[in-house]
Each structure stands twice: as structure tokens, then as C-alpha cells.
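S.K.: Which chain is which? The protein sequence lines are A and B, in order. Residue numbering for the first sequence is 1213 to 1329, as defined by the numbering used here. Residue numbering for the second sequence is 67 to 285, as defined by the numbering used here.
A couple of the hints might just be wrong.
Straight line, CA to CA, 20 Å or less: simulated PhoX-like cross-link-like pairs of lysine-lysine [said to hold, decoys possible]:
1) A:K1297 - B:K220
2) A:K1228 - A:K1276
3) B:K282 - A:K1227
4) B:K282 - B:K124
5) A:K1227 - B:K124
6) A:K1276 - B:K71
7) B:K148 - B:K124
8) B:K144 - B:K268
9) B:K71 - A:K1228
10) A:K1276 - B:K144
11) A:K1266 - A:K1227
12) B:K268 - B:K146
13) B:K251 - B:K220
14) A:K1228 - A:K1271
15) B:K148 - B:K268
16) A:K1297 - A:K1227
17) B:K124 - B:K146
18) B:K76 - A:K1228
19) B:K124 - A:K1276
20) B:K250 - A:K1228
21) A:K1271 - B:K71
22) B:K220 - B:K268
23) A:K1227 - B:K76
24) A:K1276 - A:K1266
No lab work stands behind these hints, which were simulated from the structure alone.
The chain contents come next:
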Amino acid sequence: MHELGIVFYIIRDVKKAAEENHVNHVDAVVMDIGEVSTVVPHLLTDCWRWAADKEELLKGCELKVNTIPAVTWCDDCKREYETVKHGRTCPHCNSENTWLLRGNEVEIREIQVETHS
Amino acid sequence: MDEVKVIEIKKSVFAENEQDANNLRQELKDKGVFLLNLMSAPGSGKTSTLIQLINRIKGKTRVAVMEADIDSDVDAVKIKEKTGVPSIQLHTGGMCHLDAEMTRQGLDNVNLDEVDLVVLENVGNLVCPAEFDTGATCNAMILSVPEGDDKPLKYPLMFTVCDLVIINKMDVVPYFDFDLERCKKYIHLRNPQAQIIPVSAKTGHGIDHLVEWLLKQLP
Ligand SMILES: Nc1nc2c(ncn2[C@@H]2O[C@H](COP(=O)(O)OP(=O)(O)OP(=O)(O)O)[C@@H](O)[C@H]2O)c(=O)[nH]1
Ligand SMILES: [Mg+2]
Ligand SMILES: [Zn+2]
Ligand SMILES: [Zn+2]
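Chain A extracted, bound-state conformation:
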């Protein structure tokens, strides 16, 4: 399954960041997931629960998914539109000379850790 491979990548990157910041437990990981990234958020969080709980560093750690709406740019009429609604064809001028501006992201935005003071 696609999402499981991505979860392993997230775990690898989070482990690295935790090490660099001398953190021994991460409470939450915040992801930016684009609407047309092909990642299904609930599958991602299911795989996450299964894999993260096997790691001391990530036991109980929550994966928060922030969805980034997909936006396409039309190179002919120089306007933007919602990708999911209209696909590749510009609703303003019918052109197919269009490019995805955002909505393809699979990014780790931040990790949250508790500090005891």
C-alpha cells in the first residue's frame, strides 16, 4: 500500500529531526497533504498508528493532516481555478494550457514536542 511507504519515509525524517534537536519523544507530527497528491488521509493515519506505535520515540504520537487545496494556473487567460472541480480544462477560457500551482504536496510541516520546565 502506497500510504505505508510514505509513513516509513515520515518516520525516517522525524527520527532524524528528533535526533538533531535532542528530543526523546514526539507528541504530534503535522503534515501538509495536497488534495491531488494521491495520498488518502485516513489510510495515512491508519498506517501511521500501526507503524508509529512500534517506535519508542513515536508511541501515541498523533499525525495531524492539514489539507492543501489544489489550484491550477491557466497560461492563456492568466487566471487561477480549483483543480478538483474543473480538472485540466480552464473554466474561464476552455484552454488546456494549464499547470498545477499547488495541491501536490506531501510535506512534513512541523513536529510538536512537550518540554518540561
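With chain A's structure known, arrange chain B with the ligands on it following the hints.
M.R.: This is chain B with the ligands only, laid out in the frame that chain A set:
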């Protein structure tokens, strides 16, 4: 008191694999090895096309095959039996794709000093393998006639990342509502540079074009 501290990362999860893949691509180039990553939906004819291709090309260049499968080695055995070239099996451990690290592990089992062309038969799937760069020199995919000519519209990323699109099972065109010209148009919408070669792995039709194209790409 407990406080939440936020550590900003802002990094694509694919970034590290992309770096890995670029390193692998360069290493292969330095060694003079061409890695062809062959993708398709399950059953489009990757193994059948490879057998036809290898039997026509093996006298001209030294070939090895890596077969990625979720959990079996039928394809690796078949390739070895039908072509005689070295073929190894990679198990993906349930994963729907290969990444650069898994590809590198597979290549560790191939004697790179004795081959010019390594073909990787990726896991049968049109979504995931397109997302994970394997470090291949060239990406190719097979679309077979029964799948329909509109696949490039439904799986745009796969068609965008491929340098070569092989259209297989051309022998069954009369039984399907498949329009080759329309299909080519849809592919070029996604990827104007894509090379398109129609073949039939059953009759062998078109395979010579494939051989010719591939030999031209080799260093
Ligand atoms: N009619 C016809 N059948 C074909 C052709 N190429 C392959 N087939 C048949 O399609 C089926 C699948 O072919 P494979 O070569 O195993 O496909 P594959 O992509 O390697 O399949 P997986 O590895 O399982 O994803 C087999 O029954 C083949 O005989 C073709 O050109 N014409
Ligand atoms: Mg096969
Ligand atoms: Zn997948
Ligand atoms: Zn427009």
C-alpha cells in the same frame, strides 16, 4: 509546567529518496550501466514484452533483469527459463512500489561490471511506482489495449514521468474500443516528449522498433 515546542521541518517526504535516486543514477552512469524501470498495471504484459525484447537484444548487449514482486518469484524464474539472462527477484515486503534504496539493494546482487542494461520490472501498479524515483536512467510503462485509451487522463503522473510508453496487446485491437491515435493524443497532452511504440508481445509485432529505440539510448 509542560509546554509544547514546535520544530519546523517543511520538507517533502520524497526529498530524501530523490537525492538517493539522483546519486544512484550518477553512479550507474559512471559505471556505464543503463537502468530501465518498466512499469504498468498488473497483467499489461511486462514479463511477456521483456521476454520478446531480451531475446532480440541479448546478442547485441549484456542484459540482466530484476523482478520486483510483492511476494512471489514466478516472473524471475520465467525470465531465466525463456531468455537465459541472469534474473533476480526482489521482494518488496508488501510495498506497492520500489524506491531508490530498494533498487540499490537489488543491484548489489547484479554484477555491474558484466552488464550494460539492467531492466527492472516494477510492481504492477499505475499509481505508486510513479511517485517513487528508483534512480533509473529511463522510465518506461506499458499500457495494454484492454485497459482503454483513456488511461493517460486517469493516471496523469505515470504518463508524465515516463520517457517511453509501450502500447501492448495490439493483436486484440479488433475486439476492443481502443483508438490508437486518440491514445497517443492523450499521452502527448501529459508528456509531449514521450516516445510511443505499439507492440504485441504475443505475435512479436513492433518489438523490433522497441529494440531499435532502446539500443539508441544505450551508452
Ligand atoms: N493477446 C495478448 N495477450 C498478451 C500479450 N502480452 C501479454 N499477454 C497476456 O497477458 C497476461 C499477462 O501478461 P504478463 O506478461 O504476465 O503481464 P505482467 O505485466 O508481467 O503481469 P504482472 O507481473 O502480474 O503485473 C498473460 O496471460 C499474457 O499471455 C499480447 O501482446 N497479446
Ligand atoms: Mg510480470
Ligand atoms: Zn500504493
Ligand atoms: Zn484560462
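S.K.: If a hint holds in the structure, say so; if it does not, say that too.
M.R.: Going through the hints against the structure:
Using a Cα cut-off of 20 Å, the hinted pair A:K1297 and B:K220 holds, with the two alpha carbons roughly 15 Å apart. Taken as a hint, the A:K1228 and A:K1276 pair is honoured in the structure, with Cα atoms around 19 Å apart against an allowance of 20 Å. Proposed proximity of B:K282 and A:K1227 is contradicted: the alpha carbons are some 44 Å apart, above 20 Å. As the CA atoms of B:K282 and B:K124 are separated by approximately 15 Å, the hinted pair is consistent with the 20 Å bound.
With a C-alpha separation of about 45 Å, the suggested pair A:K1227 and B:K124 falls outside the 20 Å cut-off, and the hint is violated. The straight-line distance between the Cα atoms of A:K1276 and B:K71 is roughly 16 Å, inside the 20 Å bound, and the hint therefore holds. Note on B:K148 and B:K124: the hinted pairing holds, with a Cα-Cα distance of about 12 Å set against a maximum of 20 Å. About 15 Å separates the Cα atoms of B:K144 and B:K268, which keeps this hinted pair within 20 Å; it holds.
Pair hint B:K71 plus A:K1228 holds up; C-alpha atoms about 17 Å apart against a cutoff of 20 Å. Under the criterion of a C-alpha separation no larger than 20 Å, the hint pairing A:K1276 with B:K144 is inconsistent with the structure, at around 45 Å. For the hint pairing A:K1266 with A:K1227, the CA-to-CA distance comes to about 13 Å; that is within 20 Å, so the pair holds. Of the pairs offered as hints, the one joining B:K268 and B:K146 holds, with about 18 Å between alpha carbons and a cut-off of 20 Å not exceeded.
With a C-alpha separation of about 14 Å, the suggested pair B:K251 and B:K220 falls inside the 20 Å cut-off, and the hint holds. Under the criterion of a C-alpha separation no larger than 20 Å, the hint pairing A:K1228 with A:K1271 is consistent with the structure, at around 16 Å. For the proposed pair B:K148 and B:K268, the alpha carbon gap of about 14 Å is at most 20 Å, so the pair holds. Using a Cα cut-off of 20 Å, the hinted pair A:K1297 and A:K1227 is violated, with the two alpha carbons roughly 38 Å apart.
A distance of roughly 13 Å separates the Cα atoms of B:K124 and B:K146; the hinted pair therefore holds under the 20 Å criterion. Among the hinted pairs, B:K76 with A:K1228 is consistent with the structure: their alpha-carbon atoms are about 14 Å apart, no more than 20 Å. Taking the CA atoms of B:K124 and A:K1276, the gap is near 51 Å; set against the 20 Å cutoff, the hint is violated. In summary, the hint linking B:K250 to A:K1228 is not supported, as the alpha carbons are separated by about 44 Å, beyond the 20 Å threshold.
For a cut-off of 20 Å, the pair hint linking A:K1271 to B:K71 stands: about 18 Å separates their Cα positions. With a C-alpha separation of about 26 Å, the suggested pair B:K220 and B:K268 falls outside the 20 Å cut-off, and the hint is violated. In summary, the hint linking A:K1227 to B:K76 is supported, as the alpha carbons are separated by about 15 Å, within the 20 Å threshold. A distance of roughly 18 Å separates the Cα atoms of A:K1276 and A:K1266; the hinted pair therefore holds under the 20 Å criterion.
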